[in-house]
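Take 732 as the starting number for the sequence shown in this note's numbering and just add one per residue.
Honestly, the hints are just simulated from the structure, not real lab data.
Heads up, some of the hints might be wrong.
Said to hold, decoys possible - Here are the simulated PhoX-like cross-link-like pairs (lysine-lysine), alpha carbons at most 20 Å apart as the crow flies:
| id | residue 1 | residue 2 |
| --- | --- | --- |
| 1 | K785 | K741 |
| 2 | K814 | K741 |
| 3 | K771 | K737 |
| 4 | K814 | K785 |
| 5 | K830 | K798 |
| 6 | K734 | K785 |
| 7 | K737 | K845 |
| 8 | K830 | K737 |
| 9 | K845 | K785 |
| 10 | K814 | K798 |
| 11 | K798 | K734 |
| 12 | K798 | K785 |
| 13 | K845 | K734 |
| 14 | K771 | K814 |
| 15 | K830 | K734 |
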Amino acid sequence: MEKELKALTKRLQQYNEQLLLIARRARERNEEPDFFGDVKPMAEEVQAVVEQWKDAASCWVRHARPKYVHERQIEAAADHMAKLCVEAFYPSVPERRIKQYSQAVAYTLALVRKRLDDTSEADKERL
732 MEKELKALTK RLQQYNEQLL LIARRARERN EEPDFFGDVK PMAEEVQAVV
782 EQWKDAASCW VRHARPKYVH ERQIEAAADH MAKLCVEAFY PSVPERRIKQ
832 YSQAVAYTLA LVRKRLDDTS EADKERL
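Please put together the full structure from these sequences, using the hints given.
Quick look at the structure:
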């Protein structure tokens, strides 16, 4: 379970970075995107990973009870990522909002990865 969660977390970190680049390009071009050609496929792709991650992370939080990681954070990160994967394409969305969503998601994902690394190191020490 932890291995899968770590892989999903890494994938979401990559999507988060990719969405920041998309937002920058959208702002530079200042054109409305093709919803069905660009936005929808990316949103569906990201949302599928977000749902898997949310389920795995929530289960992990309930069972492992990692320090400073709570289910509300997992839910908030999933919600922010869902909004970010659509809003990043639109130049009319304030840059500040994109950054806030992205930074909140990045913080939670980094914290989850750190706690996963901490628990795997603790497991190795027990052996």
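Consistency of the hints with the structure:
1. The suggested pairing of K785 with K741 holds, with an alpha-carbon distance near 13 Å, which does not exceed 20 Å.
2. Pair hint K814 plus K741 holds up; C-alpha atoms about 19 Å apart against a cutoff of 20 Å.
3. Between K771 and K737 the alpha-carbon distance is near 26 Å, which puts this suggested pair outside the 20 Å criterion.
4. For the hint linking K814 to K785, the alpha-carbon distance of about 15 Å falls within 20 Å, and the restraint holds.
5. A distance of roughly 26 Å separates the Cα atoms of K830 and K798; the hinted pair therefore is violated under the 20 Å criterion.
6. As the CA atoms of K734 and K785 are separated by approximately 14 Å, the hinted pair is consistent with the 20 Å bound.
7. Simply put, K737 and K845 have alpha-carbon atoms about 10 Å apart, close enough for the 20 Å limit, and the pair holds.
8. Of the supplied pair hints, the one linking K830 and K737 is violated, its CA atoms being roughly 24 Å apart against a limit of 20 Å.
9. For a cut-off of 20 Å, the pair hint linking K845 to K785 stands: about 17 Å separates their Cα positions.
10. Taking the CA atoms of K814 and K798, the gap is near 27 Å; set against the 20 Å cutoff, the hint is violated.
11. Between K798 and K734 the CA atoms are separated by roughly 19 Å; this keeps the pair inside 20 Å, and the hint holds.
12. Note on K798 and K785: the hinted pairing holds, with a Cα-Cα distance of about 18 Å set against a maximum of 20 Å.
13. Distance hint between K845 and K734 is fulfilled; the C-alpha atoms sit about 13 Å from each other, no more than 20 Å.
14. At most 20 Å may separate the alpha-carbon atoms for a hinted pair to count; K771 and K814 meet this at roughly 12 Å.
15. Restraint check for K830 and K734: the C-alpha separation of about 29 Å exceeds 20 Å, so the hint is violated.
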